[in-house]
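S.K.: Each chain is listed here by its residues.
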Amino acid sequence: MTDTTQKAAAEVIPAAPVPAPASRGTRAWRGVTPWLFLIAPLALLVVFTYAPIVNMVAYSFTDWDGVSPELHYTGAENYREVFTRPDLFEVFWVSGYYLAASAVQTVLALYFATVLSFNVRFRNFFKGVLFFPYLINGVAIGFVFLYFFQDGGTLDSVLSLLGVKTDHAWLGTPVSANTSLAGVSVWRYLGLNFVLFLGAIQSIPGELYEAAELDGANRWHQFRYIIAPGIKPVLTLAVILSISGSLSVFEIPYIMTGGATGTETFVIQTVNLAFRFNKTGLASAAAIVLLLIILLVTWVQRRLVPDDKVDLV
Amino acid sequence: MTRRTVARTLVYLSLIAATLVVLLPLVVVLLTSLKSEKEMANTSGALELPDDLLNFHNYVTAFQDGEMLSAFTNTAIILLVSIGGTVLIGSMTAYAIDRFTFRFKKLVVALFLTAALVPGVTTQVATFQIVNSFGMFDSLWAPIALYMGTDIVSIYIFLQFVRSIPVSLDESARLDGANAFTIYRKIIFPLLKPAIATVVIVKGITVYNDFYIPFLYMPSEDLGVISTSLFRFRGPYAAHWEVISAGAVLVILPTLIVFLSLQRFIYNGFMRGATR
Chain W
1 MTDTTQKAAA
11 EVIPAAPVPA
21 PASRGTRAWR
31 GVTPWLFLIA
41 PLALLVVFTY
51 APIVNMVAYS
61 FTDWDGVSPE
71 LHYTGAENYR
81 EVFTRPDLFE
91 VFWVSGYYLA
101 ASAVQTVLAL
111 YFATVLSFNV
121 RFRNFFKGVL
131 FFPYLINGVA
141 IGFVFLYFFQ
151 DGGTLDSVLS
161 LLGVKTDHAW
171 LGTPVSANTS
181 LAGVSVWRYL
191 GLNFVLFLGA
201 IQSIPGELYE
211 AAELDGANRW
221 HQFRYIIAPG
231 IKPVLTLAVI
241 LSISGSLSVF
251 EIPYIMTGGA
261 TGTETFVIQT
271 VNLAFRFNKT
281 GLASAAAIVL
291 LLIILLVTWV
301 QRRLVPDDKV
311 DLV
Chain P
1 MTRRTVARTL
11 VYLSLIAATL
21 VVLLPLVVVL
31 LTSLKSEKEM
41 ANTSGALELP
51 DDLLNFHNYV
61 TAFQDGEMLS
71 AFTNTAIILL
81 VSIGGTVLIG
91 SMTAYAIDRF
101 TFRFKKLVVA
111 LFLTAALVPG
121 VTTQVATFQI
131 VNSFGMFDSL
141 WAPIALYMGT
151 DIVSIYIFLQ
161 FVRSIPVSLD
171 ESARLDGANA
181 FTIYRKIIFP
191 LLKPAIATVV
201 IVKGITVYND
211 FYIPFLYMPS
221 EDLGVISTSL
231 FRFRGPYAAH
241 WEVISAGAVL
251 VILPTLIVFL
261 SLQRFIYNGF
271 MRGATR
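As you go down the protein sequences, you meet chains W and P in turn. The working numbering applies: residue 1 is where the first sequence begins, and numbers increase by one. The working numbering applies: residue 1 is where the second sequence begins, and numbers increase by one.
Check the hints yourself; a few may be wrong.
Output of the computed footprint for chain P on chain W, the stretches with three or more beta carbons under 8 Å from beta carbons of chain P [to be verified]:
#1 129-137
#2 148-154
#3 169-181
To list a few chain P residues with every Cβ distance to chain W over 10 Å, as calculated [as the list claims (entries may be wrong)]:
#4 L54
#5 A178
#6 D222
If you're looking for bench data, these hints aren't it; they were derived computationally from the structure. Quick reminder that beta carbons are idealized off the backbone N, C-alpha and C, glycines included.
Taking the hints into account, I'd like the entire structure generated from these sequences.
M.R.: This is the structure we're talking about:
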C-alpha cells in the first residue's frame, strides 16, 4: 500500500529527488492518515444516512408505533396496506399535478434561457427577476400566495382590473387547489431550471452561431441544431430533478393548506403517519416505496445518459 | 414591420409578462404590510397603495410578537456552526479521497456517491429515532448535525477544486518536512477559497430557508428559526394580513440583500451545486 503511494507520487514529479525510505513508524502513520481525515465525515454519513435506511427497512416489516418498547413482526402487511388502501395510494395522483407543472416549468425555463442567451436589453435584470423566487424562504412564499389566492386578494384584484368578476375560491376544491399549488411551485422553481439551462447554453462557443448565421440558419434552426444538442445533459438532469421533486413535494402544500381539500402529498402523509398517528411501521413502508421509486427514476436516467462526471476516482 | 421586429416585440412582451408574474405577488405583499388595520377593513382592493408609505407599525408588531429576534439568533447560530462544519468536513473528505491511496478507498467513495441519491425527506421517519436516541431532539444540535452530516453536494464541489490543485505543491512541502495535516492546513485549505465561498453561499441560503428539519426536530417555541417562527406566527394573526405580510417581508429582505450583493457567486454556486 505504501509502495503504491510512493509510486504515484514519483510518477507525478519524476524529477523530484526520492525521499529517504520511511521508517516503519512513519509508514504505519502514513496508512492511518487518510482515515484520520475521514473518520468524522464517515461517522456522520453512516449515522445520519445509512443507519436510518437500514432501520427503516427493519421498521417497515413491523407494527411499531415509534415509542413503545413492544413491536411485532408483521411481514409484508405494511406494504400491502400502502398499495391497497385507496386513501393511502390516492396521494400519488396529487403528484400528477406537480409532474404536469414541472413539464410546463421546463418548457418555460428553456424558452426564457434561450431568449436571454441572445442579446437582449436589461438581460441581467430579467435574469435576476426570474431566478430570485428560488432563493425565497418557503414559508414566506406560502404566505405570499395565500394572500394571492385569498378571497379579494391579489389574483381577484388583478382579474377585476381586467374586467373579470369572480368569487371563485381558488383553494376551495381539490382540482382548483392542486392546480393553484402546482402553479406556486412553478413560480418558485422555474428560476433554478432557467439558470441551469442558461449556463449550459452560454457554454456553447459563440462562433457556432456566427457560422450558422453565415450558412443562413434562423433562430429556430440555431435552437434546434446547436442549442438543443448542447444542453441535452442538463435537460435530462432537470427532468430527473423535477420527477423526484414532484414525488417528494412537501413545503408548499403543507404550509398553505396543511394537506386539506385533497392536496395531501406523499411526504405530508408519511410525516402525518409517523409523527401524528404514531404508525412508524406503516410510514417506513411508505417511505421505502418512495425511496425505491426515486432511485429507480435516477437509475433509468443514468442508463439513458451515461454521465462521465460521476466517477470520482 | 419586418418579421424580425415582430419577433423581438413578442420576446420583450413575454419577458415583461414574466416579470409581472414574478414581482406582482411580492409587491402586493409589500404594499399590504404598510397598511393599517383600518385601511385593510375599508378598502377592497389588494392593489391599492397604502395611505402612509412609511407606516412601519406592522413590522414592529411582527418583529416583537413573532419573536423574530430569537428566530434570527437561532438561525444565525445554526448557520455558523453547520456551515463551518460542512466546510471542514467537505474539504477534509475531498483531501483524503483525492490525495491518498488506501484500502477500501473505492468503498468509501461509493458510500458517498450512493448517499447523494437518497433524498433526505424520505428517511426522516427513521432519522428521527436516531436523533432522538442521541438526546438531540428539540435542541439546536439536531439541525446542526443533520445539515453537517448529510451534505454530499459540498463534498463534490470541494473534490473538483482539490483535484485542480497541483500535487507538486504537496510534494515540495513534504520535502520541507511538512506532514499531511500541515499540508492540508497550510496549502490545500487556503487554496480552496473559491470553493469555500461557493459552499458558504449555497449552504447558507439552503439552511436559512429550510423548514422541514427545524419543524420536525425543534417544536419548542423558543427554538424557533426564521421558517418555523414565521409559520407559527400565522396562528394568532390569521386574519391580519397586514401583520403577516410584514413578517414575510422581514424574512425575504435579508435574502434580497444577499442576492443583490452576491449575484454572480450565487448563480455559479447553484449551478455547480445542481449539476455536481
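S.K.: Determine which of the earlier numbered hints do not hold for this structure and return their numbers in increasing order.
M.R.: Structure breaks hint 3 only.
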